[in-house]
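Asker: Residue strings, one per chain:
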Amino acid sequence: MKLPRNLRAWITVLVAMHAVIACAGFFAPYDPAEQDREHPYAPPSAIHFRDASGSVHSRPFVYTLRLEAGSVDHYEEDTLASSPIEFFVTGARYRLLGIVPCSRHLFGAGGTRVALLGTDGYGRDQFSRLLWGGQISLLAGLVATALALTCGLLVGATAGFRGGWTDEILMRLAELFLALPWLYLLFAVRAFLPLTVSPLEAFFLVAGVVGMVGWARPARLVRGVVLSAKERDFVRAARGFGASGIYILRRHILPQTASVLLTQAAILAPQFVLAEVTLSFLGLGVPEPAPSWGNLLANLQQYSVLTSYWWMLIPALALTPFFLGYLGLASALQRWADPSKMEAVGPGAWR
Amino acid sequence: MTRYVLRRAVHAAFLLLGVSLLTFLFSALAPGRYFDEMKMNPQIAPETIAALRAQYGVDQPLPMRYARWLDGLVRGDLGFSFAYNAPVGPMLRVRAANTLLLTTIAMLFAWGFALPLGIWSAEREGRWPDHLVTAATAALFIVPDLVLALGLLLFAVHSGWFPAGGMAAVGAESLSWTARGRDYVLHLALPVAALVLGTCPMLVRHVRAAILDVLDSGFIRAARGHGISRRRLLFCYALRAATNPLLSLFGLSLGTLLSGSLIIEVVMSWPGLGPFLLEAILARDLYVVIGGVLLSTVFLVGGNLAADLLLYWADPRIRAERV
Amino acid sequence: MPAANGSMAPLLTVESLMVRYPPRHFGGTRAAVTALDGVSFSVLAGTTLALVGASGSGKSTLALCLACLGRPTAGKILLEGRELTALTESQLRAVRPKIQLVFQDPSGSLNPRLTALEIVTEPFEVQGRFTEAERYERAGALFERVGLSLDMGPRAASEFSGGQRQRLAIARALALEPRLLILDEALSALDASVQAQIANLLLDLQRASGLTYVFITHDLAMAARLGDEIAVLERGRIVERGAPGDVLDQPAHVAMRALMAAAPRWNAPTKDQAGE
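Protein chains in written order, with my numbering: chain A, 31 to 381; chain B, 317 to 639; chain C, 919 to 1194.
Chain A on its own, in the form it takes in the complex:
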């Protein structure tokens, strides 16, 4: 199947971004839990090509940081101790894609730590935490999307195909779920589940809650497709041969839902990632010490952190390229599925 150029472009971009996150262990120089109590809230490492004496090096390097005399959070560079940045270094062990044990990292600085995005209160490298946190946030969002779409497909297909009371009840239920503002609904469901859970449990909890809450809109869309497909003459013809409901669903109706589901996936995925980020930010999602884009931003709620350590805001920007990518994908998908439609991404689809 030949895909249009712009669709392929967006898919490539998204796959590349996800690949980087998936291989977080390789791209991140340090283990996300590795603390460095001697360098809390250190600013992003300055990468130099020219040293104090004025000579230029071909290889970039960083200076070791030390606290300024009489300060607790201001650092100065020790111009006598420089460490060149090396590539493909051996470092902390990790599992690539969760399976393959590895210890090569893309880059690192032998003698000292190179913190591209600074460090947090425990001296943990924010860049590494950003990449590893991305794994959790993105995966949670994607799992939630899969859950919501599966649920939506089942409910929508059942309601559309069987009609009558089943349809009426299921659609009223969907209406109830849509009657609440989505974040309040999320809160309502999260509120009554246990608060203190392990990071792994929290991951499944968040993915489950977000997915469970988001089935209503896909269900309505699938129902619409099923309803119109049901009335088509080729379905009638199949019934004329004595086809059972299941055969008709499988052969004729469900393939029609594929394009709707794909587009919904592209629209919902970033929304669900954002939901996880919001929950974790507020302390209702993935807890420390596991990194997530949400809890990386959490300590910004402290005034001192917000005002003094600007680099702690950077994880907020991590979401943006992904949102852009998914938005582009969704638009391209919609245009591919229905070229006559001028406006991509329907009302209320995003929030």
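No wet-lab data here; the hints were simulated from the structure.
Be careful, since some hints might not be right.
[Unchecked claim] Distance windows between CB atoms, simulated: (1) B:341 / C:1079: 53 to 61 Å; (2) A:136 / B:626: 25 to 33 Å; (3) C:974 / B:384: 53 to 61 Å; (4) B:325 / C:1110: 55 to 63 Å; (5) B:421 / A:226: 31 to 39 Å; (6) C:1050 / A:226: 54 to 62 Å; (7) A:126 / B:447: 40 to 48 Å; (8) C:1074 / B:560: 46 to 54 Å; (9) C:992 / B:377: 43 to 51 Å.
[What the hints assert, rightly or not] Here are the simulated SDA-like cross-link-like pairs (lysine to any residue), alpha carbons at most 20 Å apart as the crow flies: (10) A:32 / C:1073; (11) C:1016 / A:48; (12) C:1016 / C:927; (13) A:32 / C:1072; (14) A:260 / C:1076; (15) A:260 / C:987; (16) A:32 / C:1076; (17) C:1016 / A:274; (18) A:260 / C:1007; (19) A:32 / C:1030; (20) A:260 / C:1072; (21) A:260 / C:927; (22) A:32 / C:1048; (23) A:260 / C:978; (24) A:32 / C:1077; (25) A:260 / A:234.
The structure displayed is predicted, hence computed values, not measured ones.
Glycine residues also receive a C-beta, built at the ideal position from the N, C-alpha and C atoms.
Let chain A serve as the given structure and place chains B and C on it in line with the hints.
Answerer: Frame of chain A, contents of chains B and C only:
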């Protein structure tokens, strides 16, 4: 007319009832554990817990508990807050009023910007102003509310022009009327800005789409053929015809705005439903959570009902449908 | 071709068929609708009954009932003397091959994502008959019968022209070797010349295999061309019946006269001839 109003009102009432049942059912997911976690809270005496368990009939079957709660609701009793040791109603009322203030003002501004911008953009479709607006809205669209709020907060801190959160300065009651008013406005500015920036992109896009749709239709082209001026065409004809989708959009935008207000209130310390609800969840304050969620639904359903009624008044086709 | 045993018992008998939709109050009001109000007729094997009616006369409802795709409120449908309306769904499954439908809209009656081969072999797949190879062979024979070539098999249905799609639809309908074919406005969406081709195809097939047709249409000319008997349907009732010549020459009922008045008169004098 009254039949239609009655129908929509009954529908809204059923929705609210359904949502209350749904939230109550959620709370049933972990009833015992709820009170167990409360036991771990040193602020709440064990006798209180026991009394509350009895009063709220936690050991009774779910339908009974729901009936009891519903009965209380009808009498205006929204339950009891374990964390504050006070009835939920009055506290929620204050918070809800603050949220309502914020969302109403934000709604006015958001539509105030989005409507002209959308129309202007639609009118100049394909030309550079349209492209500019589309690019700007796309750029803003991508930024989540959370990030917007944090960014604005940072801006407030660094510029010093706006207070960094809260609803009023300390000791505001002692200020003169004008000073107090100015204080309020300053405190409102950033949260409203965050909300407006968050909802405007979607609104502009949809207003533009709705107007474009209408401008494309046959009767507009016929009117142009009659030589009616562009301005008159746009405002007297096109806008009127776009009322239907625009009013539906209003309902939709209300939902977005309410959800957005939740997170913005938390980040910017605006004393609305948001932070209150969050606190309640962390403190396992069951009835505050249920009450807060229900109240937000009341706003949303109420807003949609208002939009429906406005639609009925504005769109003769609906009146003719004899629904 | 007369029936094998020489008897002239009708293949299809419809007795007092009534289809009524009850009024709906919940979720939007709608008054009771009577789509068919006591329709009765019979069709002899190997012949064609042309049912003519304007839109809203109940034609489509009748087509669906005859194909057992909708339950009538009252009345009976008998095929070869067997009462179809009394059968359960599973009993019906064995009988379904005998009655097949060909629809009007070629782009709606074939799944555009399937290939021509898949479409024609779908009846076999549903009924669970024959092996892969046998199906392919039979598909080939069916294609030939309707004037298509087998190398069109792998093409998607959406790539065919209107006339070819109708041929495909007819091929599919013939797959299970039916005795009765219900043609619901089967020619109405085609161009005039293509209409003639497909009409000829249908007549040839009838001559060769002894098929019985119920041909539903609003087009009088087609009805007269294909029908051994014409029946006029209006508002759920048959208001006139007879041989084409009789009905067209001596239209008794108002509806029939209205239909005739509305039909284009190709044999009437042209404008310049009439001196206008």
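Asker: All hints, please: hold or fail.
Answerer: Now for the hints, and whether the structure bears them out:
1. B:341 / C:1079: 53 to 61 Å: 57 Å, holds
2. A:136 / B:626: 25 to 33 Å: Since the Cβ atoms of residue 136 (chain A) and residue 626 (chain B) sit about 58 Å apart, the hinted range of 25 to 33 Å is violated.
3. C:974 / B:384: 53 to 61 Å: With a Cβ separation near 56 Å, residue 974 (chain C) and residue 384 (chain B) satisfy 53 to 61 Å, so the hint holds.
4. B:325 / C:1110: 55 to 63 Å: 57 Å, holds
5. B:421 / A:226: 31 to 39 Å: Because 38 Å falls inside the window, the suggested range holds.
6. C:1050 / A:226: 54 to 62 Å: Holds - the Cβ-Cβ distance for residue 1050 (chain C) and residue 226 (chain A), about 60 Å, lies within 54 to 62 Å.
7. A:126 / B:447: 40 to 48 Å: 43 Å, holds
8. C:1074 / B:560: 46 to 54 Å: With a Cβ separation near 39 Å, residue 1074 (chain C) and residue 560 (chain B) fall outside 46 to 54 Å, so the hint is violated.
9. C:992 / B:377: 43 to 51 Å: Since the Cβ atoms of residue 992 (chain C) and residue 377 (chain B) sit about 48 Å apart, the hinted range of 43 to 51 Å holds.
10. A:32 / C:1073: Within the cut-off at roughly 17 Å; holds.
11. C:1016 / A:48: Not OK: residue 1016 (chain C) and residue 48 (chain A) at ~56 Å, beyond 20 Å, violated.
12. C:1016 / C:927: This hinted pair holds, its Cα atoms lying about 17 Å apart.
13. A:32 / C:1072: 18 Å, holds
14. A:260 / C:1076: Holds, because 19 Å separates the two Cα atoms, which is no more than 20 Å.
15. A:260 / C:987: 13 Å, holds
16. A:32 / C:1076: 17 Å, holds
17. C:1016 / A:274: Distance of about 18 Å is within 20 Å: holds.
18. A:260 / C:1007: At roughly 19 Å apart (the allowed maximum being 20 Å), residue 1007 (chain C) and residue 260 (chain A) satisfy the hint.
19. A:32 / C:1030: 18 Å, holds
20. A:260 / C:1072: 25 Å, violated
21. A:260 / C:927: 37 Å, violated
22. A:32 / C:1048: 35 Å, violated
23. A:260 / C:978: Holds. Residue 260 (chain A) to residue 978 (chain C) sits at ~16 Å (cutoff 20 Å).
24. A:32 / C:1077: 17 Å, holds
25. A:260 / A:234: 36 Å, violated
In terms of the numbered hints stated before, the structure departs from hints 2, 8, 11, 20, 21, 22, 25, listed from lowest to highest.
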